[in-house]
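Asker: If you read the protein sequences in the order shown, they are chains A and B.
The first sequence begins at 162 in this note's numbering and counts up by one.
The second sequence begins at 19 in this note's numbering and counts up by one.
Quick caveat, the hints were computed from the structure, so don't treat them as lab data.
Small disclaimer: the values here were computed from a predicted structure and weren't measured.
Heads up, the beta-carbon is just placed ideally off N, CA and C, and yes, glycines get one too.
Don't take every hint at face value.
[Unchecked claim] Derived Cβ-Cβ restraints for the label pairs, each shown as a range:
#	chain 1	residue 1	chain 2	residue 2	range
1	B	Ser43	A	Met261	24 to 32 Å
2	A	Met264	B	Pro59	19 to 27 Å
3	A	Met264	B	Glu107	35 to 43 Å
[Stated by the list, open to error] To give an idea of the chain A side of the interface with chain B (calculated C-beta under 7 Å), a few residues:
#	residue
4	Leu203
5	Lys232
6	Gly234
7	Gln236
8	His237
9	Tyr240
10	Glu242
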Amino acid sequence: MKRSRLILLFALATCGAQSAMAQGWQSGRQGGAWGGSGWNKLEMCQGCHDMGMRGGMGMGMGMNRGETAPKLGGQHAAYLEKVLRAYRSGERRHPIMNRMASMLTDRDIADIARFYAQSE
Amino acid sequence: MKSLSIAVLLVLSWVGASPAASVSSSGRLKAEQVCQACHGPGGNSATDQFPRLAGQREAYLVSALRAYRAGLRNDATMRPQAERLTDEEIADLAAYYGARTGLTTRRATWCGG
């Protein structure tokens, strides 16, 4: 438990995440290549879904040992929206994802889905 | 000629006995017979009703299929499919789809993206 907390702290510290996250959270970043309302909230997704850590990140937040977050890049937008809504309503259950999705508006969900569905 | 056919037989029996070959072929067989109808050839589904599986993390596919099988994830289509699968078949399918090309990870936006 203690060790996984340390891993989480380490992950947050990489790339100067803390300051960037705080900044993004408060101000958002409008006018960039990707200016949707879900933009800064993407940072909530990427620690687990995009950081290529081997074996995934348990993070001591209720994930099972060896459980890993799915890749989302290239997934269908409509499917991502459906799943995020199901997590938000509690229809689909996951200790981390229910909390994450509860912070999202409909607009955020659409923006996040669009971001991941786009081919790079 | 005779030695050639013996050599061929030897190679075939070696291939048949190799665990790696049998694992991937049974995963492929099931994927093509069952999963492909919705998830598309190689797990690259053509319609947005069904998620892409190609290139998905193997460990995630295993936990998702087990959750469907146990009823922890409720889906009218996936649950009956997953209920028919053994642990070994789940592992084979996850290995098959994990090895395909498709889904990607994105560069983290806080890393200068």
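Asker: Run every hint past the structure and note whether it holds.
Answerer: Hint check results:
In this structure the supplied range 24 to 32 Å is violated for Ser43(B) paired with Met261(A), their Cβ-Cβ distance being about 38 Å. Met264(A) and Pro59(B) have their C-beta atoms about 37 Å apart, which leaves the hinted 19 to 27 Å range violated. Distance hint check: the CB atoms of Met264(A) and Glu107(B) are about 37 Å apart, consistent with the given range 35 to 43 Å. This hint holds: Leu203(A) has a C-beta 6 Å from the nearest C-beta of chain B, less than the 7 Å allowed.
For Lys232(A), the shortest C-beta to C-beta distance to chain B is roughly 4 Å, which falls under 7 Å, so the interface hint holds. At a threshold of 7 Å, the smallest CB-CB gap from Gly234(A) to chain B is about 4 Å, leaving the interface hint in force. Annotation: Gln236(A) was flagged as interfacial toward chain B, and the flag holds, the nearest CB pair being 6 Å apart, inside 7 Å. Nearest Cβ of chain B to the Cβ of His237(A): about 4 Å, under the 7 Å cut. The hint holds.
Checking Tyr240(A) against chain B: minimum C-beta separation of about 5 Å stays under 7 Å; hint holds. Among the interface hints, the one on Glu242(A) is violated; its C-beta lies about 9 Å from the nearest C-beta in chain B, farther than the 7 Å criterion.
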